Amino acid sequence: MSAVLKQDIRKHYLSVIVWAVVLASYAFSVIYIFPNNNSNMSEVVSLLEVLPEAFNAMLGQAIFSGTVDGWMQMNFYSMLGLIMAFYTILTVCTIVTREIDTRTIEYTLSQPISRATLILIRFLVFALSTLVIMLTAFVSEWGTYIYYGYDMDITVHFLLYANFFVTNLMIGGIILLISVFMTNYNRLLMIGIAVVLALYVLTIAIQAMNADPEPFVKYISPFSYMQSDSLLVSGKIEMHNLWVPVIACAGCVAASAAVFRRKEIKI
Amino acid sequence: MVIQIEGLSKDYGRKRVLDNISFSVKKGEIHGFLGPNGAGKTTTIRVLLGFLLSNGGSAAIWNEPVSMNNVAQRRRIGYLPSDIAFPPNMTGNEVIDFALQTRGAKSEKKDKLVKALDIDLRTKVKRCSKGMKQKIGIIQALAHDPELLILDEPTTGLDPLMQQVFHDILFEEHRQGKTILVSSHILSDVELLCDKITMIRKGEIILTETMDEVNKRRFKKISLSTHEDTAALAHVAGISNLVTENGVTSFYYQGDFNVILQMLSPMRINNIDINTMTMEDLFMKYYHKEA
Chain A
1 MSAVLKQDIR
11 KHYLSVIVWA
21 VVLASYAFSV
31 IYIFPNNNSN
41 MSEVVSLLEV
51 LPEAFNAMLG
61 QAIFSGTVDG
71 WMQMNFYSML
81 GLIMAFYTIL
91 TVCTIVTREI
101 DTRTIEYTLS
111 QPISRATLIL
121 IRFLVFALST
131 LVIMLTAFVS
141 EWGTYIYYGY
151 DMDITVHFLL
161 YANFFVTNLM
171 IGGIILLISV
181 FMTNYNRLLM
191 IGIAVVLALY
201 VLTIAIQAMN
211 ADPEPFVKYI
221 SPFSYMQSDS
231 LLVSGKIEMH
241 NLWVPVIACA
251 GCVAASAAVF
261 RRKEIKI
Chain B
1 MVIQIEGLSK
11 DYGRKRVLDN
21 ISFSVKKGEI
31 HGFLGPNGAG
41 KTTTIRVLLG
51 FLLSNGGSAA
61 IWNEPVSMNN
71 VAQRRRIGYL
81 PSDIAFPPNM
91 TGNEVIDFAL
101 QTRGAKSEKK
111 DKLVKALDID
121 LRTKVKRCSK
131 GMKQKIGIIQ
141 ALAHDPELLI
151 LDEPTTGLDP
161 LMQQVFHDIL
171 FEEHRQGKTI
181 LVSSHILSDV
191 ELLCDKITMI
201 RKGEIILTET
211 MDEVNKRRFK
221 KISLSTHEDT
231 AALAHVAGIS
241 NLVTENGVTS
251 FYYQGDFNVI
261 LQMLSPMRIN
271 NIDINTMTME
281 DLFMKYYHKE
291 A
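Protein sequences appear in the order of chains A and B.
If you read the first sequence in the working numbering, its first letter stands for residue 1, the second for the next number, and so on.
If you read the second sequence in the working numbering, its first letter stands for residue 1, the second for the next number, and so on.
Please note: incorrect hints may appear among the correct ones.
What the hints assert, rightly or not - Cut-off 20 angstroms, straight-line C-alpha distance, at most; resulting in silico cross-link-like pairs (DMTMM-like, lysine to aspartate or glutamate): (1) B/Lys126 - A/Glu264; (2) B/Lys133 - A/Asp151; (3) B/Lys216 - B/Glu191; (4) B/Lys27 - B/Asp273; (5) B/Lys15 - A/Glu264; (6) B/Lys196 - B/Glu209; (7) A/Lys263 - B/Glu191; (8) B/Lys26 - B/Glu6; (9) A/Lys266 - B/Glu191; (10) A/Lys266 - B/Asp83; (11) B/Lys220 - B/Glu153; (12) B/Lys124 - B/Asp111; (13) A/Lys266 - B/Asp120; (14) A/Lys266 - B/Asp19; (15) B/Lys124 - B/Asp145.
Claimed, not checked - Over the 12 angstroms line for every Cβ pair with chain A, so calculated as not near, a few chain B residues: (16) Ser82; (17) Ile186; (18) Gly238.
Unchecked claim - Simulated DEER-style distance windows between Cβ atoms: (19) B/Ser24 - A/Ala254: 56 to 66 angstroms; (20) B/Ala72 - A/Ala254: 58 to 68 angstroms; (21) B/Asn271 - A/Glu264: 17 to 27 angstroms; (22) A/Thr67 - B/Asp120: 57 to 67 angstroms; (23) B/Pro36 - A/Ser2: 52 to 62 angstroms; (24) A/Asn184 - B/Pro65: 23 to 33 angstroms; (25) B/Asn258 - A/Glu264: 51 to 61 angstroms; (26) B/Asn89 - A/Thr117: 17 to 27 angstroms; (27) A/Ile17 - B/Glu209: 35 to 45 angstroms.
These are calculated hints, taken from the structure and not from any lab test.
This structure is a prediction, so every number in the text was calculated from the model and none was measured.
The C-beta atom is built at its ideal place from N, Cα and C for all residues, glycine as well.
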């Protein structure tokens, strides 16, 4: 078990470093270019006020606060979910499907490792990688806030990152469940990207309607559970935005392990 | 029995690739598994390793049915796949160490094998030649000292010198009482290494015999240069395909040598060539006969 863990950590550590540096730099850059005098900020707010209400709804209402949090919401948090979703696709697709596609699965499965253990450990490594990347981004953001002397509510920002983290795990679980039915890595990547983009656009469309849709419609997409704007404004998180993604992720991973245990490896 | 296969069948869609095959491998035996491409050798091995499910019959290793998740069984098996693929970014060392670590095995035997096969394991797999990958595959299959070795086309990509080294390694494993199932196209390997062979053709077993039994079936091809009448030889039991051309009589003989020597002793013979039918000849004979 520890051999699989070590092997998988070794496989991913370089990409984790790259993604962590990119996200940390992105968070720093966004705060660095924050228009830190009121006249500049008021110009941005004025510009946004003339845009349709639906556009503001898509960006999130926090922007109207005219604060660094609002600026971050517009430029960073709204993209963070999508960026991490792409990392998730690229990583989760390697758990089973790429190994089948490249035929290395024969070597892996000839070792005394149960298939369920293999899938669980590899998903755990993905979860840890995501955690490391997001923690790095969080620390970078926190450090930049302190450096520039801006106020930051640590609890709210921590909850925000926790919310993004669990939602990303749910996306990972969904991609993993799709992947155990597939053997072609490139096709799975295309499907994963298409599914994530479709869900992201769907979420934005629901927000743009600016109505109060039925819960089924509201929570049909995993991105609906990312609650950064209202969290920044109200300072509170609706708990179902944390536990639903966790349960959905656990369900998808358990189902994936069950399917993979009986999957024939035709290579 | 270490391996017991009874009435095993496997379909890929509508195509039947294994049709009711049965054979067994005894403890301490080197068992050759022969057949042309697409005959079903690799499919049989993949069912044994739990990569594929059978559509009928049974396969057992150490009297325990094979399954996709039998970790305890796999701990005691060393497997070398045909046309091997390892994670490209791992080094040879990492590939082998992973196999050792998953079994909690020591690396003493690895060091011996590395020395014998003369390979630098610091190279990443993606930079290795086919022969190097094959050596890594052999080491990862043998390094944890398994009780059962399942080797699919093990000498592919090895140069003649390394093939000889590999034969020596396999003989050593045999001496230690290991059970070995080896699938191969190279009949000279099989002839040299195996105690028993099973031949498969289009998913059906056409022969399972010990090498002694196989050798008894192998004809001698005899050519005589003589001016005497050899027509009477055609009536001798065990002689077939008798042809006389330009004073040279050729025929196949299977049976007691003393009988044929007695028949030939009164004749004035200018020259005689006696050749044993090659394994290739024997297999071609079987494949054509069964076809």
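Results for each hint:
no., hint, in the structure
1, B/Lys126 - A/Glu264, "violated, 27 angstroms"
2, B/Lys133 - A/Asp151, "violated, 58 angstroms"
3, B/Lys216 - B/Glu191, "holds, 13 angstroms"
4, B/Lys27 - B/Asp273, "violated, 40 angstroms"
5, B/Lys15 - A/Glu264, "holds, 16 angstroms"
6, B/Lys196 - B/Glu209, "holds, 6 angstroms"
7, A/Lys263 - B/Glu191, "violated, 37 angstroms"
8, B/Lys26 - B/Glu6, "holds, 14 angstroms"
9, A/Lys266 - B/Glu191, "violated, 31 angstroms"
10, A/Lys266 - B/Asp83, "holds, 14 angstroms"
11, B/Lys220 - B/Glu153, "violated, 29 angstroms"
12, B/Lys124 - B/Asp111, "holds, 18 angstroms"
13, A/Lys266 - B/Asp120, "violated, 32 angstroms"
14, A/Lys266 - B/Asp19, "holds, 18 angstroms"
15, B/Lys124 - B/Asp145, "violated, 24 angstroms"
16, Ser82, "violated, 9 angstroms"
17, Ile186, "holds, 21 angstroms"
18, Gly238, "holds, 47 angstroms"
19, B/Ser24 - A/Ala254: 56 to 66 angstroms, "violated, 39 angstroms"
20, B/Ala72 - A/Ala254: 58 to 68 angstroms, "violated, 24 angstroms"
21, B/Asn271 - A/Glu264: 17 to 27 angstroms, "violated, 60 angstroms"
22, A/Thr67 - B/Asp120: 57 to 67 angstroms, "holds, 59 angstroms"
23, B/Pro36 - A/Ser2: 52 to 62 angstroms, "violated, 43 angstroms"
24, A/Asn184 - B/Pro65: 23 to 33 angstroms, "holds, 31 angstroms"
25, B/Asn258 - A/Glu264: 51 to 61 angstroms, "holds, 56 angstroms"
26, B/Asn89 - A/Thr117: 17 to 27 angstroms, "holds, 22 angstroms"
27, A/Ile17 - B/Glu209: 35 to 45 angstroms, "violated, 59 angstroms"
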